[in-house]
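Its first residue numbered 1, the sequence shown is counted upward by one per residue in the UniProt record's numbering.
Keep in mind the hints are simulated off the structure, nothing from the lab.
For every residue, glycine included, the Cβ atom is placed at its ideal position computed from N, Cα and C.
Be aware that a few hints might be false.
Beta-carbon label-pair distances, calculated as ranges [claimed, not checked]:
1) 75 - 41: 27 to 33 Å
2) 76 - 41: 23 to 29 Å
3) 34 - 67: 34 to 40 Å
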Amino acid sequence: MSYSVMFALLLLTPLLFSLLCFACRKRGLSATCTVTVLHSLGITLLLILALWVVQTAADAGEIFAAGLWLHIDGLGGLFLAILGVIGFLTGVYSIGYMRHEVAHGELSPVTLCDYYGFFHLF
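Could you put the whole structure together from the sequences, leaning on the hints where they help?
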């Protein structure tokens, strides 16, 4: 697989899951379970992709893509790994936290869809 495709997957995966989370708003009250599953899949897939890119960069030494506009070396790989792991951990923590908020009426299912949609955009 080319490096440009790897970078595209890494950049477009959060956008795709964000749009899917926003689309769950139309499900009404049943959106809570659906958006939580989508969020879980999104953060897991993004962690796997980030670690895959880091491993590829470590094996190749450096990765250049998109006409040298995108570049990951050892330091960039370290930061990508840190961001991937911390993003995954905050995503896992937010599942329990938001479940509590919805259960106690602090958030509606529609607001939960918005939260997870913006989470993936961030």
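Hint-by-hint comparison with the structure:
Taking the beta carbon of each, residue 75 and residue 41 are about 30 Å apart, inside 27 to 33 Å as hinted. Taking the beta carbon of each, residue 76 and residue 41 are about 26 Å apart, inside 23 to 29 Å as hinted. Separated by about 39 Å at the C-beta atoms, residue 34 and residue 67 satisfy the suggested range of 34 to 40 Å.
Comparing the model with each numbered hint stated earlier shows that all of them hold.
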